[in-house]
Amino acid sequence: MTQSTPPARRHWLMKTEPTAFSIDDLARAQRSTWDGVRNYQARNLMRDAMRAGDRVFIYHSNTDPAGIAGIGEVVAEAHADPSQFDKMSPYFDPKSTPGAPRWQCVDVGYVRHLPRLVTLAELKAEPRLCDMVVVQRGSRLSVQPVTPEAWRLVLAMVGVGVEDA
DNA sequence: GCCAACGTTGGC
DNA sequence: GCCAACGTTGGC
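So for the first sequence, my numbering puts the first residue at 78; every next one is plus one.
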């Protein structure tokens with residue numbers, strides 16, 4: 078009898094501008110299609126590496142202070158981003174067709190808020206997080222992998238148990 | 001609002 | 001395939 082272990086749950090960080098879509102919005106909606114990502118590296122991560130059940134730090138960018146606000150879960154794996162076909166959408170891509178969609182996205186479900194925002198300044202001040210993508214100078218990638226160590230450490234900084242995330 | 005860093009486009 | 005110009009991101 079062959080038995081396969083399920084693939085380990087992976088961890089990610091996804092940026093969002095809270096004026097457009099915040100962790101509060103995600104909490105209200107409970108789940109959301111993560112549309113509008115128009116960067117090939119981020120798309121490839123969503124398409125090739127993100128799996129249902131993976132956990133995501135929801136990061137508020139372009140706000141003061143920026144930081145990790147909460148936790149989401151991948152609830153649907155990559156599918157064509159509907160906004161690329163919507164002429165009314167700011168994310169409309171005239172070069173994309175339903176037969177050959179250029180952009181993909183996942184759906185993200187709400188898991189929880191963190192007890193408080195973990196600011197970018199705090200992340201930068203923690204030497205053990207110096208390899209996190211989000212703290213790198215000029216880092217713009219809006220979908221990023223997070224190591225298990227970094228995941229645990231950030232949770233520890235706000236007193237959230239790994240089992241509660 | 002500024003501007004450095006980055007990704008994409010397009011001329012050659 | 002190079003690279004200058006351009007548009008965007010996102011911290012500050």
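Rather than coming from a laboratory, the hints here were simulated on the basis of the structure. Don't take each hint at face value.
[To be verified] Within a straight-line C-alpha distance of at most 25 Å, the following computed DMTMM-like cross-link-like pairs (lysine to aspartate or glutamate) qualify:
1. K92 x D208
2. K201 x D125
3. K201 x D170
4. K172 x E226
5. K92 x E240
6. K172 x D125
7. K201 x E226
8. K164 x D184
9. K92 x E226
10. K164 x D112
11. K172 x E150
12. K92 x E154
13. K92 x D170
14. K164 x E150
15. K172 x D102
16. K201 x D112
Checked hints:
no.	hint	in the structure
1	K92 x D208	holds, 17 Å
2	K201 x D125	violated, 29 Å
3	K201 x D170	violated, 35 Å
4	K172 x E226	violated, 40 Å
5	K92 x E240	holds, 23 Å
6	K172 x D125	holds, 22 Å
7	K201 x E226	holds, 15 Å
8	K164 x D184	holds, 21 Å
9	K92 x E226	holds, 20 Å
10	K164 x D112	holds, 14 Å
11	K172 x E150	violated, 30 Å
12	K92 x E154	holds, 18 Å
13	K92 x D170	holds, 21 Å
14	K164 x E150	violated, 29 Å
15	K172 x D102	violated, 30 Å
16	K201 x D112	violated, 28 Å
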